[in-house]
Every structure is written in C-alpha cells, then in structure tokens.
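Enquirer: The primary structure of each chain is shown beneath.
There are 2 protein chains.
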Amino acid sequence: MSSSAPLTRDDFVRLDNEDGMGQFRARFDLPPNEIYLDGNSLGAMPAHVPARIDTVMRKEWAHGLIRSWNDADWYPAPQRTGGKIARLIGAQAHEVIVADSTSINLFKVLVAATRMQPSRKVILAERGNFPTDVYIADGVAELTGCELRCVEPDAVLDALDESVSILSLTHVNFKSGRRYDMAAITARAHEVGALVVWDLCHSAGAMPIELNGANADFAVGCGYKYLNGGPGAPAFVFVAERHIAQVRQPLTGWHGHAKPFDFSHDYAPHATIDRMLVGTAPQLGVLALEAALEVFEDVDMQALRTKSVALCDLFIQLCDQELQGLGIELRTPRDAEQRGSQVSLAHADAYPVMQALIARGIVGDFRAPDILRFGFTPLYTRYQDVWECVAALREILERKEWDRPEFLARKSVT
Amino acid sequence: MSSSAPLTRDDFVRLDNEDGMGQFRARFDLPPNEIYLDGNSLGAMPAHVPARIDTVMRKEWAHGLIRSWNDADWYPAPQRTGGKIARLIGAQAHEVIVADSTSINLFKVLVAATRMQPSRKVILAERGNFPTDVYIADGVAELTGCELRCVEPDAVLDALDESVSILSLTHVNFKSGRRYDMAAITARAHEVGALVVWDLCHSAGAMPIELNGANADFAVGCGYKYLNGGPGAPAFVFVAERHIAQVRQPLTGWHGHAKPFDFSHDYAPHATIDRMLVGTAPQLGVLALEAALEVFEDVDMQALRTKSVALCDLFIQLCDQELQGLGIELRTPRDAEQRGSQVSLAHADAYPVMQALIARGIVGDFRAPDILRFGFTPLYTRYQDVWECVAALREILERKEWDRPEFLARKSVT
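Protein chains in written order, with full-length UniProt numbering: chain A, 1 to 414; chain B, 1 to 414.
Bound-form chain A, shown alone (with noise of 0.2 angstroms):
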C-alpha cells in the first residue's frame, strides 16, 4: 500500500483476504453485524467455551460432585491454566498459577516484595496507571509502613534509587495505551537492588512478552481482556523461579499450604507457585479460562503482534487521513514500539460519540474524562472494521449525531 495514495475501503478488504491470521476469527461467536473494538475491556467468546462448561456443570457437578476435585482434575485447574498462560508471556510453566483477582494478586506480591526487603521503604509507582493498582499499593503501604511514591511515566527511571523496595508498573497503559520497556527498566530497577512487579493486564495475549528474558521479578495479569475468559474471569499471578521459595504472601489461606488436606494447625507455605493460592478455586471461571485459552495452542505470537501493530497502524494513519478538523487528538504513540494493542482518541465530547458509534453497532468504550479507546485483538479483528470505525466516526462528528439525549445520559458502567 503506497504511503502518498489515500487508503480505501478496498485496501482493507484486500488486507482482509490475505491475512493469515483471518482464519482464527471463526473461533469465536461473535455477535452478528456488529465490529467489537473492546476486546481490551472483556474479550470476545471463544465458540467452544459453552459445551464445555456446560460438561462441567451437568457432569462433572450434578453427577461427579465431591470427587471431580480428583476424578475430573479440578484440584491442578489453576496451575494447569497458569502453565497455558506462562507460555504466551515468557515464563516457564511452573512459575505462573490462576487465582483471584489481579487487585488482589497484586496485594501478595507487594506485601511478598516489601518483606524480602525489610530495609527499604518506598513503593514507587506510576502516576496515571490503572487505579486499582495505585490503590492497592496505597493499601500495602499503610499495612506496612512503607511509602507510595508515584511519579510521573517519564519520571520512573529517575525516581528509582536506594530506597525503592519494589517498583510497580503496568506494561501497557490502559487509558493511553503507551508501553513500557520492560527489559530495560527491569534492569534499571535491578542496579538500584528493586524488584519489579508488572501489571500485564492490557499486554498479556495482545503480543509475545519476555518476562524471563527482561528477567522479570513479579507479574499479575488478567483473565478477561486479551486472554479471553469470560467476565470477570480469574487473574493470573508469576513468580520467577529464583524467588519463590522466598515468597511469603499474607493471605495465607488453606490452598497456599504446603499440605492442604492435612488441616494442620499451623501455617507452612507449599514449596512451589502453589503458596500463592488463598482459598478455594473458582472452577467455573478457572476451567472457562482454561478452555478460552486453547484458541491460543496454534497461533504464533509474533505473527500476532504484527497483525496487532498493522491494524493500530493503519487506524491512525486513517484518523489522520478522515478526521482532520473534527477534534480529535491522538493520545497512543505512534511509534509501535511503544504501543499495546489499543488506540486512544481524545474528543471534547468523547462519551456521546462512543455512545453514537455503539448505536451503530461499532463497540469501543470510553475512558473519563474524554478519551475514546479502541482495541485491536488481532484474533478476531477484521483490517475492514478499522476502516468501518473511522468512517463511522467521521459521520457521527461531521453531523454532530453524538448530540442527543440518549447518548448524552451516563449509563452506570461504561
């Protein structure tokens, strides 16, 4: 495609029939005639998700009841789909497991982190990250006398020094989409003696990540988003092989012990990534994720993240080509190696225009205060729904059809 010629609708559906990653699309059911561009916020469904929970309910459940913990392989659910996960983010299987949430794997491995540095004080953090992340690590601080520092993005190499117990970062940014380099701030942190936790919330299954080779400390991600697991799906959690034997987590709940089904009085961590469970595992939503994850087996990773920085390249190359005087600022940088999966949009009247574009079947979502966010998940993400959005947009802001009071009204979530 020439750089000097206007793209077309044409160029994407020829881009659509020689994509080689096309084929996985059909591995999900997506609604009809609908372009989804939220895949960032809950992923689409993989087809084959429903029957096979539908098996775990009607069989495994009503009829094998107790013993499917054993019989139907229940128990390792967790460090089964943390071994699925560890593969698409660098690790080895046995350093990553599935539970709770991202909030509250965040909360061990930052309590874990500030404990294997008794002597350091300082939580350093990322001004403008997720804020879940801001406010679990306010959280640990106060549990454990340490201080949240949070700086901004620019500032994180400098502000790391002596003090720093752990650094806490979110890979890529979920409001901006900016990325970090993980490598090189992970080591960065290690002169200075940190540790690092990353967030890879908006990272993990949107591109190949190198946890092992940044030689990363620490890593919390979600379920939901890239990977596929269905609302609210259980987060994963990664320790790096060094560490885990040194790691106390404080949720010392009966399925982090060493030996569960002993019902011994006293608290002993299992010797391995196990130490990081807490209570009983969500099995419905640990073997969805699980099964999610199986549309994963065959797709190579780097020929993803190409297809992922082809589809974010091509929408700012046709915002900037279609929405030229209609008050949009591009907030995702444009240099793909410092870029997710997701493009922003900034707009003075960013919540009614998103609501226009659902309207019109396109699903994106907004970000307060004014940001317009859309993900690009090269599974099932067609090159012609990014020319449809931009057209889509163009018309919604050219005729002002964002300006009624059905898209004015806040919903509750957005």
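Hints in this document: simulated from the structure, not taken from any laboratory.
Virtual Cβ for every residue (Gly too), placed ideally from N, Cα, C.
Computed footprint of chain B on chain A, listed as stretches where at least three residues anywhere in the stretch have a Cβ under 8 angstroms from a Cβ of chain B:
1. 223-231
2. 354-367
Residues of chain B placed beyond 10 angstroms of chain A at every Cβ, according to the derived structure:
3. Leu7
4. Asp16
5. Asn17
6. Arg25
7. Asp158
8. Gly193
9. Glu210
10. Ala214
11. Thr306
12. Leu314
If we take Cβ atoms under 10 angstroms as the criterion, some of the chain A residues that face chain B in the derived model are:
13. Leu42
14. Met57
15. Ala62
16. Ile104
17. Leu106
18. Phe174
Use these hints to put chain B onto chain A, whose structure you have.
Expert: Just chain B now, with coordinates in the frame of chain A:
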C-alpha cells in the same frame, strides 16, 4: 415412631412419604443410584443452573459483550446475590455482598476490626477451627502487630477479656459439627468490648441463622456448600449496618471505590457494603450462585431445620442401634441445639471405610485423621438415605470390606 422398638427401613420409607420437604429434591440434578451425604463439602447442582449459565455465556457474554455489565445487570450481581443470602442468615439485604473467597473475606474483616480497635492487640480464635480461618488470622496478626491467641472451644468464653480486639469463630465446626451459641457468645464478647466475626461456612443454608438477632458484628461464609453455588463459588461477607461506615478493609481494589469508573487517583471507599469488593466480580460464579439460591425462595427455614434435626437424630439413633462393637464413636453432640447439619463418626480406619462406602455409591467424606463425616442437606437428602448409609456402614465394618488395596491408597484430595 416409638423409641423402644428398633428402627426399620419401613420407618424411613414412611417418613419420606410424609415429608413436606420431599418436593424440593426434584429441584436438583443428582447422580442416579447414589446417596450423596457430602453437600456440606460441595452442594448438589440445582437443575436449572446450567441453562442460566448457558444464557449468560451464549447471549450475555458472546453477543452482549461489554454492554452486559449494564444491560444484563452483571454490575449489581454481587449486591443482588448478597441480598438473597441475607434472608437466609437473618441480615438486611444491604449488609451482605458476594465477593472473593471465604479466606479473603475473613482477611478483610479481621484487618478492618483491628483498625476499629487500635488499642487492642489480641485476635482470639478457636483451636480446631477450620485451618484457613486460623492461617488467615495468623497472617493478619503478623501484618497488624497483633497476637493470635487460640484456645480450646470450651475455653472461649473465659478467654474473652479487654485485650481482645476480635473473636473469630466458626458457627458450626467443620469436623465435629458442634455449633456455638451465637447470641450468647456475641453478647459476652460485647460485654468486654470485643467484636465478633462468625464464619458461617457450615451453617448458611443449613438452618435459620439470626445474625442481627444475635447483634453480630461481621460474618463470612461459603457459596458452595449448603448454598449449592457450584465448585469454588464466590463467598459472602456480612457487615452489620452500624459498622459499615467505619470499616476500612485493606484490599482496596477499584470495585470497592466510591466511584470506580471515575478512575480517580486516590482511593475513597464506597459508602455502602460495596466497600468490601476488591476486583471485578467473577460473574460466571456469581450468577451461578444467584441462580442456585432460587431453590430457597419458598423454603421455610424453620421447617428445613426441623428436617435437618430429624435426619441427624435418626442417623445417630441408627448408629447406636446398628454399629455397636464395630469401632465407631460419635464425635458430634447428641443435643441438636449444639449441632449443625452434619454428623461425624470416628473410626481408626476412617479413610478406607469411607472409600468402601463411596464404592457402594454412598458419598460422605473423610477428615484427617479419623473422621467419617456425613452432611445432611435437608433440601435433597431423603430419610431412606440415612437408613441405607448406616446399613452399608454396618456391612462394610462387619465384613472388613474396607481392607482392600484400592480403598487404602490415598488420593490427593478427599
């Protein structure tokens, strides 16, 4: 039924024929030709739950996608489901919410309670409580600089003094089935200025509970035992209305924030019970639990308790009659007022005995080191099940049917 004449199978058949609660069994999908006496470990499946979850997946998730948080009312599901549990435990709807696991909810409550009583430094708990309760309390003590003091069940009242911040007890003991007098103990704790958290894992859904009648402070409990929410169903937490505004729980995730979707930098807890939330609710689990609770909607909890007492009384009476000299010892109080809805028997070879019983299609469970545990779930247990269980136990013990390699070999979870 005369107390002098020996009980016969016909007595139990007649009781089933006359049982006003017998109709509720048809609401469950139970394995054919089996007797399930382990609903206190994993509740049976209400037959309508799979259809509900299939709709959640194929319609709400797959086609509603992100909009279902609003349009399918996913967002208020934890509150709505908490409200349904509230009726069963003598609470107001706005005092109960569904979230996370029992262990994690206990952690929240214990830390919050120690913060409400900063001058008090003792967490008082029962030795022999379910291990996770003790482990979690131990973890809280370490984090908050408190002391965990564990005493024998009979010593709890005497151990209450002005140093106690919070008393953490399980209403019905998981192993012995012994039940505390919630009102009397709560009143005594309040006399010395201590708060009380009741773990209702082994009583919620098995009997009427009057949290507000007992002036309880906090409670936690499990969704997957007598509430039949499915394997690893989310748990619930109760905070008395008078405490909600003071509660500062440490897992400060975004769903507990006053305005989660404002994405503000600083944490401010929600004004309501919502402050007990942490991350995104595990919707498959929450919605399965909500659906499961429908089986209770027209159940008279007093009638349910009456049947529960009858089942347990008859089981004990039949054990006395049939199992003399066979090495069985009753470990549950004979007085129904001191009991939950389970009966525990000790036997030196309890593990293989239970395996032999399961091989005959009668499912109870084993608890280390020597307990045969039988849960009597009044919604789906028949009087005849009691007869069949004791008759089978007698044959297994008389014939030493348990003394086989396949019964002696331990499985990972039992």
